[in-house]
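**Q** Spelled out, the chains give:
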Amino acid sequence: MDLETVVQVGLFIGLLILGLSAGSMIENQHFASLHNREQQSRHLSTVNFGCKHPLPDTVEAQMFIGSVVISSDYFKSTIGSLISLFGGRLTVFETLLERGRREAVLRMKEQAIAWGATQILNVRLETSELNKDGRNPITAIEVIAYGTGIR
Amino acid sequence: MILTTLEGVPGRRIVRHFGLVQGSTVRAKHVGRDLMASLQNLVGGELQGYTELLQEAREEATNRMIKDATRMGANAVVNVRFATSSVAQGAAELFAYGTAVVVE
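Protein sequence lines, in the order shown, are assigned to chains A and B. Yeah, the first sequence ends on 243 if you go by my numbering, and it's all consecutive. Yeah, the second sequence ends on 125 if you go by my numbering, and it's all consecutive.
Worth flagging that the hints you see were computed from the coordinates, not collected in a lab. For glycine and all other residues, C-beta sits at the position ideal for the given N, C-alpha and C. Don't take each hint at face value.
[As the list claims (entries may be wrong)] So, partial list: chain B residues that the calculated Cβ filter (under 8 Å) puts toward chain A: (1) I23; (2) V30; (3) P31; (4) Q43; (5) A58; (6) G65; (7) G66; (8) L68; (9) V101.
Whole structure, please, built from the sequences with the hints as guidance.
**A** As structure tokens, this is what we get:
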């Protein structure tokens, strides 16, 4: 083995360890923050039905959008591409999507709470991949949540 | 201009429909932001630069839709929806559409 290979392998393993340690730390912090903020915004009812049944008496309505771009870490991306060779459940990406969706919904709710909403109606969720063409090594998704706040 | 994702504006009656209005914008990624994002991508988490970039772009698409509706004489856009599609390598289209109406 020449020096170049050793450096490359070392860098790869180093990045894997960095991704694993820092990635799971950031993820745990994010989950804790999601949990806390969800508790705080639980009182605001958020539903995904619209006008098909009588609406409560309201004075004002406004649209709220919450969005987030969230990326996977190096460790998870690597493991993910390994698992996808064999197929099956990609648990490493499941948490990424879950975090994205919960964060987007929370951001929408927090804006609505600040405005004084009593309910959010007809909520829609939309997910898109940022790096569809696979041109650069970024694995990231954008999630948006939008709905109509009433007060 | 009132925007809602509902089939009307709660508490108000629709008096006139103008039909579909839309607004879109195509954005490419910023090289500097891309570099930051690649670094952030090693450890994962939110890519704030991209969140803001897409937020601004979506706002612009929404504003174009609002302009379209204003030109028609509407005072509200109901049943607003958003969509994203990738046009070319590294470029994304953000799209907003809804129905322009006049409410009381």
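**Q** A separate judgement is required for each hint: does it hold in the structure or not?
**A** Against the structure, the hints come out as follows:
no., hint, result
1, I23, "holds (7 Å)"
2, V30, "holds (6 Å)"
3, P31, "holds (4 Å)"
4, Q43, "violated (16 Å)"
5, A58, "holds (6 Å)"
6, G65, "holds (3 Å)"
7, G66, "holds (4 Å)"
8, L68, "holds (5 Å)"
9, V101, "holds (6 Å)"
Going through the hint list in order, the structure does not satisfy hint 4, though it satisfies all others.
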